Every structure is written in structure tokens, then in C-alpha cells.
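Number of protein chains: 2
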Amino acid sequence: MDKEEEVAESLLQKNSENDGSLAGYESLYQLLSSELPPHLFQEVSRVLYGCNRGEVLKPLPLHNTLSSASVEQNFDVQAFEFTADEEQLRPARKVRVGLIQNAIVLPTTKPFAEQKTAIMERITALISAAAGAGVNVICLQEAWTMPFAFCTREKIWCEFAESVKTGESTRLMQQLAHKHNMVIVSCILERDEVHGSILWNTAVVIGNHGNIIGKHRKNHIPRVGDFNESTYYMEGNTGHPVFETAFGKIGINICYGRHHPLNWQAFGMNGAEIVFNPSATVGDLSEPMWPIEARNAAIANSYFVGAINRVGTEVFPREFTSGDGKPAHKDFGHFYGSSFMAAPDASCTPSLSRCRDGLLITDLDLNLCQQVKDKWGFRLTARYEMYAKFFSKYIKEEFEPQVIRDPFLDNQKRF
Amino acid sequence: MDKEEEVAESLLQKNSENDGSLAGYESLYQLLSSELPPHLFQEVSRVLYGCNRGEVLKPLPLHNTLSSASVEQNFDVQAFEFTADEEQLRPARKVRVGLIQNAIVLPTTKPFAEQKTAIMERITALISAAAGAGVNVICLQEAWTMPFAFCTREKIWCEFAESVKTGESTRLMQQLAHKHNMVIVSCILERDEVHGSILWNTAVVIGNHGNIIGKHRKNHIPRVGDFNESTYYMEGNTGHPVFETAFGKIGINICYGRHHPLNWQAFGMNGAEIVFNPSATVGDLSEPMWPIEARNAAIANSYFVGAINRVGTEVFPREFTSGDGKPAHKDFGHFYGSSFMAAPDASCTPSLSRCRDGLLITDLDLNLCQQVKDKWGFRLTARYEMYAKFFSKYIKEEFEPQVIRDPFLDNQKRF
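Which chain is which? The protein sequence lines are A and B, in order. Mapping the first sequence onto my numbering, position 74 (from 1) lands on 74, and the numbers just tick up by one. So my numbering is basically just the index in the second sequence, starting at one, shifted up by 415.
So here's chain A without its partners, still in its complex pose (with noise of 0.2 Å):
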């Protein structure tokens, strides 16, 4: 093992040690709920990961078997279920779903195809785990097949990048998805050999048959920090899909999409139940933002979110600059995990590990999406008209924002 080796693999350790920012730490729920006495936990947790309907989030019993599997194989486990009232002429739409967060397994200076088949297996592990427990769909994060290594703007990352019909990830989750009779949002970064071979960042959906129902591009591409996507791939152009599956209607926004409300808007207006947030993110840019977005998006379009956030450091074999006026480095900051999952009537899960590999399952029923429809009335008193129109105009060059001016400014003079 050569020094670059060694350091690589010593931050992997690392990892699942402690965060770089504070040791002995999982999860804020975790470190309140340890803290506080219970009647004030109880308060926080009110304010919290509160439900609006008044209850409080249930925490669902887990098998043995998953609890020693997450022991045996260290990765982080919970479970929770969201109820909703009972309806008296549709029944309950019960569904289990699965989020998976991961660390990738070997250092990114091994060869590409032992990195991947080691990311692989453990991510068949992982779902294994979660067909034992029961899971009807499960989301893997973004870019799941290899490390996020746009950072490096290095082009030989490229050949991670597979086909969505023949790629081997693909093959190995519609094997998966048969077996276990489970929906698969496996996230890649996709070639597109029909045109011109070009990248894309992309959710392939898999039905529990094993078929793949289709796939959705990321939408929008950050340029910020060390997210050098855009060098890589495009705005994606398949619009927002909803894929109607066995065991609901998902869509699927692609991280840097979770800081654009329009987008989960639009899954929302074409019928989306639960969108999946599959991300990459590091602590020091993201980690306040975390909470807030996702949860916002499930409260203002009244549909389940399940965010995703990969886990550990990273560090790249050469160094690279930041753009931030900052000496060359070689990792990109501590990914901080804490995948949770939302519902519509504002209450959340507490996040899975913040530094550990985990599975989040939680049980919804879909139908909880139409009653808080119902009670809140956000899509009826929404005045898409109004914004549409708005829309169109703001569009133009010649738009003139709607300014109203205190005459007693003096005209030279902006504040």
C-alpha cells in the first residue's frame, strides 16, 4: 500500500469513527434524546419532527433478524410508521419503504472494478436486509455506483458511467427487484449511447417485476463549491415524471433539485405520492439546509419525501482547488448521512446516522397525501392562473419587475 493508500483508507476509517466535527455523535435525535430529561425531550420532539394531526411518530418494533444483521454488518437501522385516519370508501394504500444511505467501501485509488463491485455488494446486503424486513420500494442514493468525485473535474470518473438498459447496476437491481418483489430507484451516471454517448445524472425505476418503468434526469445542476457537475453532464430532459408503480406513484428529485421549489412542485402536480430526494452533500455547505428543504417540499405539495444523503469522506488520489481561494486538497468534506423521510402533515422521522451506512424504513399510507390535500387546501387555493401568467411574463427580456418606489427616494440614490 503506497501513502496515498494509506491515507485513503485511514479516512475510511475514519468515517465510521466520528464526523471530523464531533465524536461520539449520531444524530441530533439521537444526542437529545440522550440528553434531555423525557417530558422535555418529549416537548423538543413535539416542535421538532411534530405531526400536525397530533400524535406522535411511531416507532415501528424491528425483526431480530434485521437487528442483528445491522449489528453484524455496522449499519445504522430505524423504523417508523405514519399513520393516517381510516377513510369509509377507499381503503388504506399501506406501503413500506426503504431508504438507503452508504459510505462507498474501498478507497477511490483501488481499481474502478473492484471499487464498484465492493459498492455493489454491499448495497445487495443492504437490500437483502430490507426485503427481509418487509420494504415494498427502496431509494439508493445518488450516483450510488462510485465516488462523487466531480470535485476532481477528472474525466477518467467518466467510466463509471453505465447504460441504463444493459449497465451492470441496472441488471444486478432488476434481479434484485424480482426477487424481493420490490420497487428499485437505483441512481446512476448514465451514458446515453443512442446520443452521442453523453453523460447524464440519472434515476432508472424498476418495477417489482424487474422491469425497468422508465428514468428521470436530474433537472437541475449545481455550480457550487465543489459540485462541479455541470462540467459532466446537462439539465436533464425528461421533464418530471411520476412513476406509477405496484405500490404507489413516486418521482424522483435529484439533489441540487431539493433547493428548487419548482421542481418538487411539478412532481407534485402530475400526482406524485412520495418523491425521492437522492443526494451528495457535505456538512460545512449544506447541513442547516438539510432539515428545511425536504420537509418543506413534503408540507407545501402534500406528498411523502424520502431524503437521501451518502456518508463519509471522500479522498481523491491527486489534489484539486475549490474555488474558494483555498490551498489544493484531496476530499471534499465530511458526507453527513442523516437520510429521513417526511409526510405531508409536517411531521418527520428523526435521520439515520450522520456517519454510518443505514436503512430507514418507514410505513406510510398514501392516503394521507389526499386528506391533508383536503385539510390544508394548498392545490386549491394555490392560483396556478396567477403564476402562470407571472410565469410567462418574467421569461421575457423586457420584464419589468413590479416595483413600487417611496417617491421621497432621491432618484440618484439606490439603497
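In short, the hints are calculated from the structure, not lab data. It is possible that some hints are incorrect.
List of simulated lysine to aspartate or glutamate pairs, EDC-like, C-alpha gap at most 20 Å [what the hints assert, rightly or not]:
1. B/K594 with A/D406
2. B/K804 with A/D410
3. B/K788 with A/D324
4. B/K790 with A/D284
5. B/K509 with A/D410
6. B/K509 with B/D825
7. A/K94 with B/D825
8. A/K326 with B/D789
9. B/K525 with B/E536
10. B/K580 with A/D406
11. A/K373 with A/D85
12. A/K396 with B/E800
13. A/K330 with A/E154
14. A/K179 with B/D821
15. B/K570 with B/E529
16. A/K58 with A/E43
17. B/K804 with A/E43
18. B/K790 with B/E502
19. B/K788 with A/D284
20. A/K58 with A/D85
21. B/K790 with A/D324
22. B/K473 with A/D284
23. A/K58 with B/D699
Predicted, not measured: the structure shown is a model, and the values here were computed from it.
For this one, chain A is given, so just place chain B on it according to the hints.
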């Protein structure tokens, strides 16, 4: 004092003692800071209130006069500073902003004139305290001149409505704005005498010379819980105006509009740098959503947001039902205050008290808005053309959602 008045008095009393859910706890921030060891509180603060620029929000020192006034007059006061980077070609644009939250002063059974005068006196005192602290722009809560009586569906409360131009509250606010060189956003129930004397829910923007710059009428009207506002007034007809004042460009998203990402967005697209969200909302219904929505809007739109909620439990003379199958009752629930300020860089202040009147003072450098826009690029990457097209299609009767159906699904069976 008759029995009803006694009950009302005792409930007003109760507001300043506790909030009905947990005695002796003024805000989440105060609870966590007093219960957690300092190093853990620091980490929790980073995640809950953190700034993605790597800095901790600085408390501003309070002048003795203000501290004494807050004790003597029993209101919570807190002050913080949001910072921005220095620029080479543009000076900092620092503004001191105030948010005021308050309970009604007299029971709802008192003569209307007395109720209104008492509130106006209270607000005059709070604005004077803010002026003494050098506040440049202040925003009051929704319909601040009156109890939030819409739950009753009784039309007698319409008497509290005022003309924007000649109303008593506007005249008072004009005097105070002129006296204190302050921009004041005054939110009232408006009687539109020019157009059939109908009502609107309106924010009046008063310039620092005491002039009325303009008004904005609430765009989205709730039909939820006891918010029977659609019984009294219609959706606003003033668009999404941004008021260019001596202290920055201001928009007002009134109350229920905070659930509508499009409403937030249109103010941003018209150039707002600060958007106020004067509100009236109660605990069981919305408290877990409160810290999410305004903060998400600040992040998504790269502007500052001031979220304001009234305080206390308002008991009405005659009972009413709430459309929830529960017995008739005379109060609406607890308005939980908790006003806060959120910044485009994802940081936010702790909230004001859940149970007492309060004044929140924040120093902003408006340059942060453009700095965050340049860093995160949400406007740049927003793809407005795509959404303009999507919305134009959506509003048509023949709109067909973009749904990709798993062909394995039985055509008859929809989950």
C-alpha cells in the same frame, strides 16, 4: 365583570404564565441552551440555526434602556447580527430590522374602541422601544389592530376594518414612522371604500417620511381549521409588489401565503431583499411547520425573511364550532409567537417567546442576498422557461399529468 369576562380575563392572564403545553419554557432555543452542556448546545445550534458560511450568529448587545423597558413592560427582546462578506466595489448595506409580536390587550368582550385603543397604545410603546434601539424597518403582525376573530364567522368584527388611507391605525403609524425615521409595515383588515366597501387582508407600507408608499393584499386565503377568512375577504388583487424603501426592497407574504412556494418566489423574482411574513397561527395546527417554511423561503429565494406570529389565547364571547366534529367552544387555541428572522445563507435567529409579547432586532447586510445568489446559483439554474411552459399547460382543463405507468399493473387495478 360578568362570568364571560372573568373567563376571558383569566385566560389573558394565563398567556403570560404559560402556553398550555409546558410550563416555564419560553422557547426551544432557551430550553436547549439551559438543558444541554455548552459543547453539545454549540453543535445542536450549528445544525438547528447554523449558517452555511461557517460562522455562528452573533447576539447584539442590548442598550440598558431597552433591557429595562423589556422588563418593565414585560416583553421579550432579543437582538442578533447577520454578517456578509465585504465587497470591493460596493459598500455594505446595513439595515436594522425589527419584528413585533403581541397579544391582544383587553378581553374580546370589552367595547371595540377600548380594545383597539389598548392595542394601539401597546404597539406605540413597542415601536418606541424599537426606535430607541435604532431600528430602521419594522413589521407588525397580521391584523394587529384586532382579535383574530374570523373563527367565529360573526360579522360584527368587521367593524375593526379600516380604510388604508384614512384609517386610525394608518394615521398613527404615519406619525410614528415620521417621528422615528422608520419604515413601518402595518397589517390591517382593510375596508375598500372605493370598491363597494368590501374587505381585504392588507399590509400597508409606510415610508420613513410618514408617507404611504403602497399596500399589498394577501394573495392566498385559508380554508383550514378555524381560519374562516374566506368568509370575510377574497384573494388579493395587488400581485407581488416589492416596495423600494430607504432601507431596502421589501415584500410582504401575509400568513397563509407562507405555505405557497410560488408566492414566496414571485416576491423574489420582483427583487425583494426582505420578505415579511406577518401571521396568526396556532399551536396544534402549525407549530412543527413554523420553523420550516419561512426559513426554506429565505434559502430558496436568497432573501431575508421575518416571520411574525401573534401571542396568546383569544377567548370570544359566543361559542363556535370548528368543523372537526368537536363540541362548540370559545377559543381558537394558543397563538405561539415564536417570531424569527431567517437569512439567505440558511442561518436563522432563535425564536422569540412562545407566550409573551416580543421585539426581535436583527442587523442585516443586504449585500448577503446577491452574495448567496452568486454562490449557490439558484436563480441561474432555475429553468424558468420550462416551468412557464409547464404551468401554462397545467391550468388547462385538458392537462394530462406526465405519468409513466408500470405495464405490469393490471389495467383495472390502481393502487
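| task | Mind listing which of the numbered hints don't hold for this structure, in increasing order? | result | Hints 2, 6 and 17 not satisfied by this model.
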